[in-house]
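Protein chains: 2
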Amino acid sequence: MDEPEQELGITESKEYNTGDWYAEVVRKAQLADYAPMGGFIVTRPRGYAIWERIESHLDGWFKQTGVQNAYFPVFIPESYLEREKEIVEGFDPEVAWVTHGGYDELDERLAVRPTSESIITPYVSQWIRSHRDLPLRLNQWCSVVRWEATETKPFFRTKEFLWQEGHTAHRDREGAWEETMTRLGQYERLYNEVLAIPPLVGRKPEHDKFPGADTTTTVEALMPDGKSVQGGTSHYLGTTFADAFDVTYADADERERTAHTTSWGLSWRSMGALIMTHSDDQGLVLPPTLAPEQAVIVPIWDDQSKAAVLEYAGEVERTLTEAGVRVHLDDRENRTPGFKYNEWELKGVPLRIEVGPNEVADGELTLVHRPDGETMTVDSAGTAGTVDEHLETIYAKLYDAAEQTLEAGIREAESREEILGTIGKHGGYVKAGWCGDEACEAPIKDAVAAEIVMVPLDPDEEPIHEACAICGEPAAETAYFARTY
Amino acid sequence: MDEPEQELGITESKEYNTGDWYAEVVRKAQLADYAPMGGFIVTRPRGYAIWERIESHLDGWFKQTGVQNAYFPVFIPESYLEREKEIVEGFDPEVAWVTHGGYDELDERLAVRPTSESIITPYVSQWIRSHRDLPLRLNQWCSVVRWEATETKPFFRTKEFLWQEGHTAHRDREGAWEETMTRLGQYERLYNEVLAIPPLVGRKPEHDKFPGADTTTTVEALMPDGKSVQGGTSHYLGTTFADAFDVTYADADERERTAHTTSWGLSWRSMGALIMTHSDDQGLVLPPTLAPEQAVIVPIWDDQSKAAVLEYAGEVERTLTEAGVRVHLDDRENRTPGFKYNEWELKGVPLRIEVGPNEVADGELTLVHRPDGETMTVDSAGTAGTVDEHLETIYAKLYDAAEQTLEAGIREAESREEILGTIGKHGGYVKAGWCGDEACEAPIKDAVAAEIVMVPLDPDEEPIHEACAICGEPAAETAYFARTY
Chain E
5 MDEPEQELGI TESKEYNTGD WYAEVVRKAQ LADYAPMGGF IVTRPRGYAI
55 WERIESHLDG WFKQTGVQNA YFPVFIPESY LEREKEIVEG FDPEVAWVTH
105 GGYDELDERL AVRPTSESII TPYVSQWIRS HRDLPLRLNQ WCSVVRWEAT
155 ETKPFFRTKE FLWQEGHTAH RDREGAWEET MTRLGQYERL YNEVLAIPPL
205 VGRKPEHDKF PGADTTTTVE ALMPDGKSVQ GGTSHYLGTT FADAFDVTYA
255 DADERERTAH TTSWGLSWRS MGALIMTHSD DQGLVLPPTL APEQAVIVPI
305 WDDQSKAAVL EYAGEVERTL TEAGVRVHLD DRENRTPGFK YNEWELKGVP
355 LRIEVGPNEV ADGELTLVHR PDGETMTVDS AGTAGTVDEH LETIYAKLYD
405 AAEQTLEAGI REAESREEIL GTIGKHGGYV KAGWCGDEAC EAPIKDAVAA
455 EIVMVPLDPD EEPIHEACAI CGEPAAETAY FARTY
Chain W
5 MDEPEQELGI TESKEYNTGD WYAEVVRKAQ LADYAPMGGF IVTRPRGYAI
55 WERIESHLDG WFKQTGVQNA YFPVFIPESY LEREKEIVEG FDPEVAWVTH
105 GGYDELDERL AVRPTSESII TPYVSQWIRS HRDLPLRLNQ WCSVVRWEAT
155 ETKPFFRTKE FLWQEGHTAH RDREGAWEET MTRLGQYERL YNEVLAIPPL
205 VGRKPEHDKF PGADTTTTVE ALMPDGKSVQ GGTSHYLGTT FADAFDVTYA
255 DADERERTAH TTSWGLSWRS MGALIMTHSD DQGLVLPPTL APEQAVIVPI
305 WDDQSKAAVL EYAGEVERTL TEAGVRVHLD DRENRTPGFK YNEWELKGVP
355 LRIEVGPNEV ADGELTLVHR PDGETMTVDS AGTAGTVDEH LETIYAKLYD
405 AAEQTLEAGI REAESREEIL GTIGKHGGYV KAGWCGDEAC EAPIKDAVAA
455 EIVMVPLDPD EEPIHEACAI CGEPAAETAY FARTY
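One line per chain: the protein sequences are E and W, in this order.
Its first residue numbered 5, the first sequence is counted upward by one per residue in the numbering used here.
Its first residue numbered 5, the second sequence is counted upward by one per residue in the numbering used here.
If you are wondering where the hints come from, they were derived from the structure by calculation, not from laboratory data.
Please note that the accuracy of each hint is not assured.
Note: identical chains are not told apart, hence a pair may lie in one copy or across any two.
[What the hints assert, rightly or not] With a straight-line Cα cutoff of 27 Å, these simulated DSS-like cross-link-like pairs (lysine-lysine) come out: (1) K67 x K32; (2) K157 x K310; (3) K344 x K67; (4) K157 x K32; (5) K344 x K89; (6) K89 x K401; (7) K449 x K429; (8) K401 x K67; (9) K213 x K18; (10) K18 x K310; (11) K344 x K310; (12) K18 x K449; (13) K157 x K429; (14) K449 x K32; (15) K32 x K89.
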């Protein structure tokens with residue numbers, strides 16, 4: 005062993021020191037490192053492989069539903085950013101500015117894109133002439149930069165982050181709203197079917213909408229430490245951007261009309277939620293949907309059994325590979341089985357397959373589930389089907405645990421004190437009647453750093469209580485208070 | 005028709021006005037538009053779809069040969085860029101600098117990455133401890149920015165361009181050289197098997213290597229106008245970067261050794277070569293490997309035959325889709341068949357399938373090859389196999405035409421006058437004996453704007469002539485002179 009064991013292991017506690025534990029898991033599972041510039045990270049292959057799989061799922065769904073990928077410049081001229089005033093007010097404080105090209109100062113500063121409405125919408129305006137050109141649905145996978153001066157938290161808070169941003173134009177409100185809901189539904193599906201995290205879906209309150217949006221809808225995921233992660237947002241932009249950039253079209257009756265637009269984005273923050281939700285004090289835990297290796301085979305041998313064990317293990321590997329399972333046979337000579345167990349647990353491989361002389365003799369395999377360590381011996385006949393079933397079971401275990409966290413994490417409150425007490429004690433979501441005024445969020449924010457992360461999607465839904473829990477005026481809707489990442 | 009026909013058609017001539025013709029094809033086939041900032045372009049869905057397919061082919065080959073994708077920051081601190089002096093000398097004049105984050109001036113300027121050796125190698129240094137960590141092979145798909153003040157030519161010359169950059173570390177020269185050749189071979193394969201362009205492979209002369217490289221190898225493609233495109237480069241970097249960034253490892257004998265590194269990149273310039281090579285005065289021509297639609301079905305009907313024609317066409321579409329052909333049925337009501345022919349020709353669809361009352365009556369299909377307009381009638385039985393064969397034939401037609409261009413475009417010369425005369429009259433490559441001194445390239449550059457684009461890969465290959473065609477001293481190698489993009 006030329007690598008000390010303690011370097012591999014997680015030393016922080018998820019329960020008692022969540023922030024440090026998270027940072028340690030990200031680094032020791034080799035997902036990311038810190039970059040030399042504060043706020044930036046380097047995404048290592050094991051981290052990027054997860055993002056690639058998230059991208060592959062979403063991109064497939066987007067393409068099935070009429071979205072085309074494109075690529076717009078990384079820079080946006082300052083004058084373009086200024087054409088929509090809410091965008092400039094919302095993002096100006098966070099823009100990284102390019103001022104020089106080579107040895108020359110530029111005539112006009114260029115923003116490194118913080119989001120691309122201001123450079124995409126002018127082209128949408130050129131490309132649309134007639135109602136037959138609608139809907140127009142564009143998406144790009146890229147990075148954006150927002151110069152926020154907060155502590156770096158890999159995937160949760162970084163000055164540069166990877167995301168996809170979708171931008172669409174439609175004939176009318178109805179088409180654009182349907183689009184907004186389609187993308188929100190795909191984000192929800194990603195959480196449910198790929199990330200193994202049941203989310204809540206809702207709207208952002210008026211005062212926390214995307215700059216320029218008519219409505220911002222959101223997927224929210226509850227973390228085990230009681231904080232909510234905004235896991236993806238889908239915006240119905242009304243005609244704000246269409247008006248600012250002249251996105252009009254000739255309708256069937258030849259009259260010029262203004263298009264309605266949407267935008268929607270999901271970032272690698274979803275990876276942060278994934279890591280935070282499932283991992284534990286042994287390290288990373290990944291669902292089989294996203295794990296670079298779904299199963300690892302660890303052979304256990306002595307001099308006498310070595311050849312037979314390795315042959316048997318090799319056969320299992322071939323069978324699983326042919327069946328499309330992402331499997332790795334760890335036949336390193338210079339590592340003990342125990343060392344290998346720890347290493348693959350740290351790296352989050354969902355299923356461990358142990359193969360020793362007993363397994364060879366009995367034609368069996370020993371399977372160990374990463375999330376809970378459940379161990380069982382199975383017949384080696386029908387290996388591929390058996391492993392598939394176990395991978396599904398592992399997904400279900402992760403999903404069920406996250407669902408329990410969510411179900412236990414939604415509470416109600418009828419007064420300011422009750423909101424503060426409940427969030428202070430349990431975290432999670434607290435549902436309360438709300439008059440709709442941002443002023444009633446302020447005392448909660450000040451006291452326990454919680455905010456209104458969402459209200460119900462349906463604006464006509466009756467509020468949970470008749471009165472606003474803070475001011476006592478009639479409630480307009482139900483607010484979900486929570487601390488956030 | 006609410007869109008005037010002439011807007012669709014190409015008006016410039018490929019033969020007589022290549023530059024304007026190219027720009028017109030790019031815009032009218034909806035591949036790209038110019039961005040508001042000079043030197044930048046907007047890549048539209050039909051352009052990006054080609055790049056996605058190039059990416060998909062190469063990425064698959066990379067992964068099969070041990071490469072892992074990662075993502076490094078878009079910015080590089082100035083002090084990091086300065087750590088390898090040849091990099092800073094080579095790229096400093098072309099760097100876009102971020103000087104402000106939000107309202108604050110930064111303590112240190114950040115370069116928007118022109119290439120990532122200077123940010124990747126320090127991490128490679130941290131991640132490698134033992135010979136068991138080698139080889140380490142990283143790649144990223146991203147954009148880079150180089151502030152060159154030349155005329156914009158979409159995909160050929162843009163200040164921001166999309167590419168992949170691979171970065172690897174190895175135990176010794178042999179491993180790193182093998183890697184350099186593997187990637188060069190994959191680029192060559194891309195040109196041969198995907199882009200339908202037979203390339204030349206060779207080395208860049210000493211004075212035109214990548215900054216810091218020991219050897220730069222290149223894939224060169226000859227365009228129909230006689231200019232050479234550098235289509236992808238693979239660099240053996242020796243220990244230049246490993247020395248600058250301390251990339252050392254403990255070898256099997258426990259001694260500390262310096263790694264040898266490589267880097268290799270292919271950009272969307274390959275798309276430029278693709279468009280330039282195959283397209284014609286009717287518009288874009290794409291090989292079936294990369295075309296968003298491989299075949300388009302154009303139904304031809306009158307009132308009486310409409311129902312039968314559309315049913316028949318729909319069946320052909322279903323059959324082809326099920327067989328994995330990317331096919332589109334253009335059943336628009338408000339366009340004539342002739343209009344549709346022109347539009348899909350402009351957009352480069354390799355195969356047109358015409359279906360009218362005669363085809364329905366006879367159980368046939370009329371097929372038209374985009375590259376040469378060859379038209380034939382085939383039986384509709386076994387449609388999928390027939391179409392596959394025709395797509396292969398179309399690929400072969402494109403490849404053969406490009407091969408003829410290349411074969412006719414390589415000439416020899418034994419004197420300065422002969423080089424100048426041959427390039428002046430024919431373009432293409434001129435092979436000549438060369439002493440190895442950059443000074444002997446200068447008069448050719450000055451007179452006809454041609455340079456030495458490559459020398460043979462094998463440094464021991466005998467020069468074509470005994471004397472340098474320019475100075476008359478003994479020739480050290482064979483130089484390939486050509487004008488370039």
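Hint by hint, here is what the structure shows:
no., hint, in the structure
1, K67 x K32, "between (35 Å within a copy, 24 Å between copies)"
2, K157 x K310, "neither (45 Å within a copy, 62 Å between copies)"
3, K344 x K67, "between (40 Å within a copy, 24 Å between copies)"
4, K157 x K32, "within (15 Å within a copy, 45 Å between copies)"
5, K344 x K89, "neither (56 Å within a copy, 42 Å between copies)"
6, K89 x K401, "neither (47 Å within a copy, 54 Å between copies)"
7, K449 x K429, "within (15 Å within a copy, 77 Å between copies)"
8, K401 x K67, "neither (31 Å within a copy, 31 Å between copies)"
9, K213 x K18, "neither (32 Å within a copy, 51 Å between copies)"
10, K18 x K310, "neither (39 Å within a copy, 68 Å between copies)"
11, K344 x K310, "within (17 Å within a copy, 68 Å between copies)"
12, K18 x K449, "within (25 Å within a copy, 65 Å between copies)"
13, K157 x K429, "within (24 Å within a copy, 62 Å between copies)"
14, K449 x K32, "neither (34 Å within a copy, 54 Å between copies)"
15, K32 x K89, "neither (44 Å within a copy, 33 Å between copies)"
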